[in-house]
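Undergrad: Sequential numbering of the sequence shown, starting at 1, is according to my numbering.
It should be emphasised that the hints constitute simulated quantities derived from the structure, not laboratory data. All residues carry an ideal CB built from backbone N, CA and C; glycine is no exception. Only true hints are included.
Ranges between beta-carbon positions, derived for each pair:
no.	residue 1	residue 2	range
1	D89	L203	38 to 48 Å
2	V183	P112	28 to 38 Å
3	L203	P160	49 to 59 Å
4	G44	T92	35 to 45 Å
5	E71	N159	17 to 27 Å
6	E72	N163	16 to 26 Å
7	G125	I47	13 to 23 Å
8	F167	R120	49 to 59 Å
9	W41	T69	41 to 51 Å
10	Q84	F48	39 to 49 Å
11	E72	V183	10 to 20 Å
12	P160	P91	16 to 26 Å
13	L203	E72	46 to 56 Å
14	Y153	L197	22 to 32 Å
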Amino acid sequence: MMKRGDYTTIDVPESAARSSSSKEKAPAMVAAAPVPRPTGWNKGLAIFDLILRISAIVAALAAAASMGTSEETLPFFTQFFQFQAGYDDIPTFQFFVIAMAIVGGYLVLSLPFSIVCMVRPHAAGPRLLLLISDLVALTLTTAAGAAAAAMSYLAHNGNPNANWLPFCQQFGDFCQKATGAVVGSFIAAVLLSVMVLISTVALRRV
1 MMKRGDYTTI DVPESAARSS SSKEKAPAMV AAAPVPRPTG WNKGLAIFDL
51 ILRISAIVAA LAAAASMGTS EETLPFFTQF FQFQAGYDDI PTFQFFVIAM
101 AIVGGYLVLS LPFSIVCMVR PHAAGPRLLL LISDLVALTL TTAAGAAAAA
151 MSYLAHNGNP NANWLPFCQQ FGDFCQKATG AVVGSFIAAV LLSVMVLIST
201 VALRRV
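Hey, can you work out the whole structure from these sequences and the hints?
TA: Written out as structure tokens, the structure is:
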């Protein structure tokens with residue numbers, strides 16, 4: 001039997017003491033470093049968008065200039081009548097010139113935003129603004145090109161049911177310039193469509 005005043009000493013291993021103290025403390029959470037997002041793909045899309053934008057500027061302004069300078073006067077005329085054809089004689093061609101000039105001016109003004117998207121590939125604001133503006137420009141280009149194409153078709157082939165005679169046989173140079181302008185507008189529309197697609201893909205990767 002143990003008497004009062006007698007004590008027994010029990011040695012506790014150091015490893016057990018450490019394990020018990022570690023259980024009392026909550027495990028420390030190590031914050032993972034943020035993984036940098038790859039910028040190569042978006043930057044490549046921005047560079048391609050800038051190249052397409054410059055090409056669309058050339059196509060739109062060339063279409064407007066070609067239609068705006070389409071004019072021809074026949075060599076034979078009388079004292080009271082002069083046979084002349086110009087784009088301002090047809091309201092559809094007037095709308096075409098105004099629309100393509102607006103689209104070309106917009107594309108010039110959009111170049112700084114495209115450069116910002118190239119420098120900051122993950123900036124969503126400028127890319128979204130370009131997407132909406134490109135859609136409006138695409139709609140205007142398509143409308144002007146389609147209307148001018150329909151009028152050019154009538155100028156080349158006429159419409160016997162409506163007694164509309166084709167006059168491109170007489171005004172060949174005028175019709176040739178007008179047709180070239182329509183082709184230029186369609187090229188600009190295709191380039192704008194690709195730019196809209198690029199902006200959509202870039203926004204999905206932001």
